[in-house]
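Colleague: So the protein lines, in turn, are chains A and B. Just so you know, the numbering used here puts the end of the first sequence at 560, numbered straight through with nothing missing. Just so you know, the numbering used here puts the end of the second sequence at 761, numbered straight through with nothing missing.
Treat the hints with caution; some may be incorrect.
Unchecked claim - Each pair of labels, with its calculated beta carbon distance range:
no.	chain 1	residue 1	chain 2	residue 2	range
1	A	I536	B	I600	38 to 48 Å
2	A	E510	B	S716	48 to 58 Å
3	A	V32	B	W578	17 to 27 Å
4	A	F404	B	K728	30 to 40 Å
5	B	K728	A	L29	26 to 36 Å
6	A	W124	B	E729	27 to 37 Å
7	B	L652	A	F404	57 to 67 Å
Stated by the list, open to error - Derived lysine-lysine pairs resembling DSS-like cross-links, with alpha carbons at most 25 Å apart:
no.	chain 1	residue 1	chain 2	residue 2
8	A	K509	A	K36
9	B	K612	A	K163
10	A	K430	A	K36
11	A	K550	A	K202
12	A	K202	B	K733
13	A	K438	A	K550
Please keep in mind that the hints were generated in silico from the structure rather than gathered at the bench. In this text, a Cβ means the ideal position worked out from N, Cα and C, and glycines have one as well.
The residues making up each chain are set out below.
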Amino acid sequence: MATPVLEAIDQTQAPPQGPPRPNVIYTWLTTVDHKKIGLMYIAYALVFLLVGGVEAILMRIQLAVPNNHFISPQVFNQLFTMHGTTMVFFVGMPILFGFGNYLVPLMIGARDMAFPRLNAFSFWVSAFAGLLLYFSYFGASGLYAAGSAPDVGWFAYAPLTAKVFSPGHSTDYWTLAVFLSGVGSIGTALNIVTTILCMRCKGMKMSRMPLLPWLYLVMASLVFVAVSPLTAAQIMLTLDRYIGSHFFDTQAGGSAVLWMHFFWIFGHPEVYVLVLPAFAFVNEIVPVFSRKAMFGYPAMVAASVSIGFISLSVWAHHMFTVGLGAAGNTFFVFATMVISVPTGIKIFNWLATIWGGKIIFATPMIFCVAFLFQFLIAGLTGIMLSAAPFDWQLGNSYFVVAHFHYVLVGSILFALFGAFYYWYPKVTGKMMSETLGKWHFWLFLIGFHLTFDFMHVPGLLGMPRRIYTYEAGRGWGGWNFIVGVGAIFQAAGLLIFCYNLVRSYYRGKEAGHDPWDAWTLEWAVPSPPPVYNFAIEPTVNSRRPLWDLKHPEDPDSDYE
Amino acid sequence: MMNTSSTIPVEGAIEAPWTLPYRGTVGMACLIVAEAAIFIIFVVAYIFYIGKSISGPTPAQVLELPIFGTICLLSSSITVHFASSALRKNNLHGCTAFLAGTVLLGAIFLATTAREWYHLIYEKGLTIQTNLFGTTYYSLVGLHATHVVVGLILLSTTLAFSLTGHLKEEHEKKLEVLSLYWHFVDAVWVVVFLVVYVLGR
Chain A
1 MATPVLEAID QTQAPPQGPP RPNVIYTWLT TVDHKKIGLM YIAYALVFLL
51 VGGVEAILMR IQLAVPNNHF ISPQVFNQLF TMHGTTMVFF VGMPILFGFG
101 NYLVPLMIGA RDMAFPRLNA FSFWVSAFAG LLLYFSYFGA SGLYAAGSAP
151 DVGWFAYAPL TAKVFSPGHS TDYWTLAVFL SGVGSIGTAL NIVTTILCMR
201 CKGMKMSRMP LLPWLYLVMA SLVFVAVSPL TAAQIMLTLD RYIGSHFFDT
251 QAGGSAVLWM HFFWIFGHPE VYVLVLPAFA FVNEIVPVFS RKAMFGYPAM
301 VAASVSIGFI SLSVWAHHMF TVGLGAAGNT FFVFATMVIS VPTGIKIFNW
351 LATIWGGKII FATPMIFCVA FLFQFLIAGL TGIMLSAAPF DWQLGNSYFV
401 VAHFHYVLVG SILFALFGAF YYWYPKVTGK MMSETLGKWH FWLFLIGFHL
451 TFDFMHVPGL LGMPRRIYTY EAGRGWGGWN FIVGVGAIFQ AAGLLIFCYN
501 LVRSYYRGKE AGHDPWDAWT LEWAVPSPPP VYNFAIEPTV NSRRPLWDLK
551 HPEDPDSDYE
Chain B
561 MMNTSSTIPV EGAIEAPWTL PYRGTVGMAC LIVAEAAIFI IFVVAYIFYI
611 GKSISGPTPA QVLELPIFGT ICLLSSSITV HFASSALRKN NLHGCTAFLA
661 GTVLLGAIFL ATTAREWYHL IYEKGLTIQT NLFGTTYYSL VGLHATHVVV
711 GLILLSTTLA FSLTGHLKEE HEKKLEVLSL YWHFVDAVWV VVFLVVYVLG
761 R
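So here's chain A without its partners, still in its complex pose:
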């Protein structure tokens, strides 16, 4: 019987890499190619990662010893505001959107995103939002003074943000930057959902889609319902500050608690918006380096979707100390605890994937192993904090700071580093240095644990977050010193990583199509992929089209 065939491998040669043309800037500024836009997102986020990292180091120097006056209290307030806002809105979101932009069309066998021009628009809006935030250092007091960045904290509680309490324009810069970043995020999320639903190649049913696009689908859907409320709240705050409305004006009967609700309706799902792509990277890396197919694909999809839903009903666990009443407390305690069930399913599935595999401990994989371990601990402290009485004791302490940095750094950033080492060969055609990668990993791992393991302790001893300095007799000094030392290790690791990114581009080994012997469609095209992605539109018959191609005697499609 004549049978249809799978043709995934592109035989077209990559275009020759000539010397950079004079119009290279013009090309990048005007591009609508999903790969170029993805790379711009990532580059822009890396710049802000360094900026946010410097801010963190300055704060750690200030807190390393008691009664320190390394920086002024005003500057300290600006630093923690800018650090939080930068890391969430101008590092986390853009870097994850960058990877999504680059990878989703390649993994589903599409030519580009569904709306390429909207894609460029979203990127530039987000990029200018970041510049706007940092322009506050020059523009926030008009011509009178420089150095008045926003200082209201990254969640900007009312009524501190009111015009009377935050005069000048620094808070306006914060509001507008976050608003614009929200517009860009919604645009990109819309693009990702539409791309995944409407642009899949032939044969790629939803049940055959790789897990990375699946998790990006959940993440992008979450962006609509999570980021939009924040955008609405920013409109209200702008109205309050500019034309004298009273949404959060407590003098006119407005409610400060309403802002907290609106902010955390965004703020908690946002954590899942950031962590779902990290799960997505681990989902791709762990099977390839365990040489096994993903364990429990349907359970993984179901767990991701249910995390998306449950994450919408947990926001008020950020507000236990406000006093929600017994019914409210009970609901949010249980909702928060329930979300650890699908998360646990994921952890067990990753472990089951690794179990019995021929594990290859290349740099992407060791970052994922560290992710597994650290994400588990982050989840455990999360369950501790989900209990309202425990939270009353430790809310707004350094224990909370340590917990969420375990999620953001220990889980998301580690998975991201893994993703960099894993997909760098695809993007540049060169392998990243394994030696430098191991140095990066161990330095960052030691630094991470020095900083964030020991940060739990001053929290338990009663140290509140966001304090400028503390008395020597409190017993927090030694712990904070260790935390500061860890920051230095992390900075060293990060610098090695940046050096590795640049060095490997010029001196790295040639990677070829498929250096990791992987199974998803992006490895079927040359590295770097040509502008058109696929010369022939691929057809897939299973979740691992390249496995089918390499093992025609035993294709996956027989088992799915």
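Place chain B on chain A using the hints.
Modeller: This is chain B only, laid out in the frame that chain A set:
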């Protein structure tokens, strides 16, 4: 080295023909979800602040039911539907007429809102700064009116294309995407009407 030209025979024929949803529709659906979330936040703020103003005027003193404007806006949902089904049947003149009707009805709605605001601001002295009612009323109704304005710009552009003969049967799907947005704007008005003029009074 990997075999770059291998092909795999697949058991049996590939099932049904490969069709995926139209991306315009999916994109608009996503936009509607995101916009709905924004409106929900404004509606929640409105409901939360009902009766919490510490000075007058109150909704019961100044608001009147905008029956005429509501009828116009809801009818425009029907006309835009007829416009897109006329285009599907390649009835270009009918499409132009229904588009013109939609734009007209939408414009009348905006005019009634403008008249209401004029009345409230200059005769009743209610502005966005007056009290919490003014704050939530103008921002919610204003947010909706902004969406009506955007819809009217898009519809007028389509009408201009239609009058100059550039709108063809092949644009039927795109017009349907636009009408989806317009239906959403109308549906939001139903919620705003119930919350502001029925529940809030």
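Colleague: Run the distance test for K202/A versus K733/B: straight-line Cα separation, threshold 25 Å.
Modeller: 23 Å, holds
Colleague: May I ask you to test the hint 27 to 37 Å on the CB atoms belonging to W124/A and E729/B?
Modeller: For E729/B against W124/A, whose Cβ atoms are near 35 Å apart, the range 27 to 37 Å holds.
Colleague: 30 to 40 Å was suggested as the range; check whether the CB atoms of F404/A and K728/B agree with it.
Modeller: Check failed, 55 Å falls outside 30 to 40 Å.
Colleague: Do the alpha carbons of K550/A and K202/A lie within 25 Å of each other, as the hint requires?
Modeller: Holds. K550/A to K202/A sits at ~19 Å (cutoff 25 Å).
Colleague: For K509/A and K36/A, compute the direct alpha-carbon distance and say whether it is at most 25 Å.
Modeller: Holds, at about 23 Å.
Colleague: Evaluate the given range 26 to 36 Å for the C-beta pair formed by K728/B and L29/A.
Modeller: The hinted range 26 to 36 Å holds for K728/B and L29/A, with Cβ atoms some 34 Å apart.
Colleague: Does K438/A pair with K550/A here, judged by a C-alpha cut-off of 25 Å?
Modeller: Cα-Cα ~30 Å, so violated.
Colleague: Is the gap between the beta carbons of E510/A and S716/B within 48 to 58 Å?
Modeller: The hint (48 to 58 Å, Cβ to Cβ) holds, given that E510/A and S716/B are roughly 56 Å apart.
Colleague: May I ask you to test the hint 38 to 48 Å on the CB atoms belonging to I536/A and I600/B?
Modeller: 45 Å, holds
Colleague: So if I understand the rule, the pair passes when the alpha-carbon distance is 25 Å or less; does K612/B with K163/A pass?
Modeller: Given that 25 Å is the threshold and the Cα spacing comes to 22 Å, the pair holds.
Colleague: Measuring from beta carbon to beta carbon, are L652/B and F404/A in 57 to 67 Å?
Modeller: About 59 Å separates the Cβ atoms of L652/B and F404/A, which means 57 to 67 Å holds.
Colleague: Between K430/A and K36/A, does the CA-CA distance stay at or below 25 Å?
Modeller: Roughly 17 Å separates the two Cα atoms, so the pair holds.
In summary, the structure is inconsistent with hints 4, 13 from the numbered list given earlier, while agreeing with the others.
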